[in-house]
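Fit chains B and C to the supplied structure of chain A, relying on the hints for placement.
One line per chain: the protein sequences are A, B and C, in this order. For the first sequence, our numbering assigns the number 10 to the initial residue and increments by one for each residue that follows. For the second sequence, our numbering assigns the number 10 to the initial residue and increments by one for each residue that follows. For the third sequence, our numbering assigns the number 372 to the initial residue and increments by one for each residue that follows.
One or more hints might be untrue.
[What the hints assert, rightly or not] List of simulated lysine-lysine pairs, BS3-like, C-alpha gap at most 27 Å: (1) B:K146 x C:K1070; (2) B:K139 x C:K1069; (3) A:K98 x B:K139; (4) B:K146 x C:K1069; (5) B:K139 x C:K1070.
The set of hints was computed from the structure by calculation and includes no laboratory data.
Given next are the chains, with one letter for each unit.
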Amino acid sequence: MREAAIVLRRELRSYFVSPIAYVFGVLFLGVQLYFATAGWEDGGQASAAAFFQLMSYLFLLFLPALTMRLWAEERKLGTLELLMTFPVKVSHLIAGKFFAAVAFLALILLLTLGVPITLATYGNLDWGPVIGAYAATILMASAYLAVGMFWSSMTRDQIVAMLLTLVTLAALFLLGFPLFLAFVTEWGIPAWFVDLLEGISPFRYFVSILRGVVDTRDIVYYLCFCGFFLYANYLVLQGRRVKG
Amino acid sequence: MSMIKVENLSKSYGPAVALDGISFEVNRGEIVGFLGPNGAGKSTTMKILTGFLLPTSGSATVDGLDVVEQSLEVRRRIGYLPESTPLYTEMRVDEYLRFTAEIRGVARNKTRSAVSRVVELCGLQRVVGKNILELSKGYKQRVGLAQAMVHEPDLLVLDEPTSGLDPNQIVEVRSLIERLGEQHTVILSTHYLQEVEASCSRVIIVNLGRIVANDTRDALVASMPSGPVRACIKGPEDAILSQLAELVPTETARVVGQKNGAVDIMLDTAQTESDVEEAIAALVVKNGWGLLSMTRQDPMLEDVFRSLTTTDEKVLENA
Amino acid sequence: MITPRNSARDSRGGYVLGVAIQVVLVVLILIMVVFLASRMRMRLDLTEEKLYTLTDSTKRVLGKLDDRLLIEAYFSPDNQLSGQIADARRALRNLLDEYVQNSRGRVIVQYLDPHSDEDIRQKAQRIGIKSQTMSDRGDRTLSYKELWQGVRMRYGGKKQKTIPYLAPAIVPFAYEAALTPAVKALTVTEKPKIGFVSQPAPPAGGGQPGADFRALRELAEIKDQYDIVAHPLSNGALIPDDIETLMVVRPKDLTDRQKYVLDQFLLRGGRLVVFADVDDYSIGQQRMFNRRVMAYDARESKEKFLDQLLSYGVDVGTDILLDGQQQAAEGFAIMRRTQFGIPAMERLFYPYWFHPMPVDWADYADQLAKGDDGNVDEALADNYRESFKPGVSEAAKVIGAPGFYWPCAVDLAEEMPAGVTGEVLLRSSPLALEQAPPQNLNPTGRGRTPGQQQADYFKFRQDLVARFESEPRKQYGLMVEVKGDFTSFWKGKKAPLSPEAQAALDAQKKKEAEAEAEDPLNKEVGEDPVKDGEEKPAKDDDENKPAGEDRFKPEEVGPPVAPGDEAQDAEIPTEDVLEKSAAPGRLIVIGDSDCIRDDIVSGAYARTGGPYSRTGGRFFVNMLDWLAEDQDLFDLRNKIGVDRTLRFSGGDEDATGAQSVDQVRSKQFWVRALNIGIPPFLLLVFGLVVFVRRRMAKKTFIDSLGS
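So here's chain A without its partners, still in its complex pose (with noise of 0.2 Å):
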């Protein structure tokens, strides 16, 4: 754990030392608060719901960005293979680079804190919902991030990289996507492979917490989803020891 540590210190302290997390905090930040205050207005409703369901789609756009130097930057720059050398277990590593940007994700959230507060300012404002999104948010994140960190760590290119997320994403944002599923519907595909592809798409479980509601489900769903793309990211980088 204390190795998984030092990859996480490390690379949060690359995000900010670099131009990244500027460019990308200010460009998200802004976009982000720009059209979600656009709504408020004089006897408007003092809810989040909105501005979080903005953000998990902006995610789909920017959080590929985040990700794509994950793995292929390092690929690229051969500094892969010293870190395989290091005395550290993969699965440390792999912690250490995902918590470190989630952590940077936090962060960013932590920023975004002002909308809340301006609505509790000038209306009533429920918390508990406000709360349970944020962590949902971090949740449907740490999902973004676990798919981008996996493709980053196919490729070495960096684009190729995002541009896989993304596609990944998007794919998964359509099997939520209720317009989607009544098109697959009228292809004749039976209702049960439909249910399971609306299953798994991680934008299903995002609205029961952003409403409110936290169950036990739809963490699990999260973990294991986030769970088996690490994992899968694992077996990549194993990989390249049998492949070279």
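Just chains B and C now, kept in the frame of chain A:
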């Protein structure tokens, strides 16, 4: 007690065979040079030793520990400088060294002293506060060496530590490695022969995934047939050649030049005839010619290398 | 985790196979875990209103089931639903599961699919289940274009109740609000009777449809539990004994007889609720205000209703009450053109519409006692601390507070009658003022142009400020409860005759007149018919009296019957005046009736600029239950109606602080700008901190090298 013991190690990348059952041992305190043309399997061997790659078959132990089964333990004992010296360029030298010290298990309160030790050892004092991105190639190489030794490993594995450096830098790095060899076991790979000649106590020559030679430098050279004899004799050319033909097979002697009435003759002695110089001298004295110079070229490591690697190719071609 | 290391030694193919097996294993395990997790779910509801948790109401109602409750759910099958409807169905199924779990085995749910079986379909239609045709919108995908989602409940094999269609809802509470009252209705064995007296405000100023008090009493939830008897006062008879609660909404033109009936109802131990109101205001065309002068008393009546209430211990004001507390007030909407020419609703500060605030005003004593110079008048502050009370009393918390619209003050009488205790349940803020009902209550005056309106509004604000500065701070009551043994308002007075008695008397008078004409000697008998009524020459056969009269017939009351009179007065029905409570009664007076007016409760009035009483309906139903001492459904009702409106206009502590439209707009702009600007700025500041710390770490490190 041997530091490294490799037995019948093989590695193939798909259909391509990179290592074909090599076996060798390295003793504690040795500096071993790994010599071979590009693609011979030097880097592959090192990557297996450091745990980055898994062997296809065979076994390798470091300090008695299996590189596959006890990989973490092995990695803890090794300092590794990969080929082309990958570094995190956005970090400063001190940050980077501290990171490598920590991740290699140096206790937190000792990282500072460990880092300052290698900074001094590798002569990094002037650049320690700089971003790695700004460093010259030579300094980057030294940072790479520094990170490999920051945890005082038992074994240093250096993959082409001098490639891409200018001659001055090469000299610096070489002397650094020699100093390291006083305390550590070092295994370094190179395709520069001089490097091995300069700093290694033992040479392992690999070619096409096999070890073709493994001995001390002197022993290797000694095993070579002696070099040609070159004599500059003043006298009538025909007489000299005919006389010499009695001494050695005619086809080995040829005239390479003539100057001031003297004949420059090269005698390729395939067989080891250590007394051929004496016989020539006696011949000159007997005929009253003048012997202007006579030298015998000793075999170089380069010759060993060339003969070993080229013959192998020929063998393979024939097969 | 298993590593592929071991297989790596053998062969590449072996490795790939090993990895493949592992991946399949891991996927299977993960699916199992997710499946198990969805089976053994634990849910934590973070919402303030506990929107996703079964209310105590439902648990209580289910706990009271003493027979089997079969819920027949006529549902379109789940696998034919998707998107939001599927989510909504999931919520409904979860809720029904929870009903079963909380019913000690009494609730059984039976799912029936009307699509699969024509018999089921016909049966569903027969019992009143209605399917809903789905719109063809993309996000509502359904294989069948009709959605069945209705239930029939059968309780104990006897009673049954059908809910034709449960509209899909994400928040399960929406279903609960429909199901639990229905279950409750099935378990009600006897519905208490509620008398309901109302004076609908006539459509004024171009017509204000729905300005009645009909909608609330016709709510299914109320009808299931209570039997509403409309206008029991109209025939002048005494209130039947089986009516326990009597609601008098907007009392108007009451005759003495009607007042007497109310008096006697209260004294017999009834629960009397009065929604009093001063003059009636309404908003007509062009936001013009119409005022209709209200009179509690009929022109010919001799007694004043307010005096009657005062005699019970309730002091009802005759002025209109306004509350200057910014947060308490509900905005007055006007249409205004924005700079782009788009009409938009603006809300002006309007103190005549307000809500009692659930804060303890004593806590604000210091703030309120602050003079112009900013110094706190300590003596005054102490006085305030003593006298100021919470806007919503503990007792009223279960009922909740409605909004008050053009209300009047209702307080306890200064001298409470003997045997009666009282409590003020709802109060205004200390910034309230009273005002004689003005002709025009439009804050923007009568001006037609925006400029005039602005000027009028400014003057309106200035007048308010002037009053606030000159007058002392005072809280007014808005809802009062008095209970105990009342003394009749008619004690020692002549009680008004019942219509029968009056008719009989008239007839007798006529007869006497005739008799007098025939026999002038009989003159004295007919001289004072009223006196006869007052003395109530009792008759032993009470056939003409209301059924419940006997029980309360106090034997000691009433003068002995003069035997001589008997024959003479045989045809005049008489009644006993109850001068002292036969059983403890309860009287609740609320200083407003608009809060339960149809168009204000439904929000229809808001469209023409009127107020919108979101909590009025809940207040009304809760009060019924509170009076009937049946609090089963309180939690269910109190869950709804949390006001989460954003108000950028608020924030100042007193009435003088309300901003103009432009101020609000500019505030809104800055709030938004800061929200967008500050976080990126903070991130950059964070970056700067990282940079500086990194520099410092470098310096200390290099220094340590030198030493």
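Just to be careful, I want the Cα atoms of K146 of chain B and K1069 of chain C compared with a cutoff of 27 Å; is the pair within it? The given pair, whose Cα atoms are some 22 Å apart, holds under the 27 Å limit.
Has the given pair, K139 of chain B with K1069 of chain C, been kept, meaning a C-alpha gap of at most 27 Å? Holds - the C-alpha atoms of K1069 of chain C and K139 of chain B are around 9 Å apart, at most 27 Å.
Could you grab the alpha-carbon distance between K139 of chain B and K1070 of chain C and see if it respects the 27 Å cut-off? Answer holds: K139 of chain B to K1070 of chain C is near 11 Å, not above 27 Å.
If you draw a straight line from the CA of K146 of chain B to the CA of K1070 of chain C, is it 27 Å or shorter? holds, 25 Å
Please verify whether K98 of chain A and K139 of chain B have alpha carbons no more than 27 Å apart. Roughly 30 Å between the alpha carbons, so the hint for K98 of chain A and K139 of chain B is violated.
Hint violations for this structure: number 3 only, all remaining hints satisfied.
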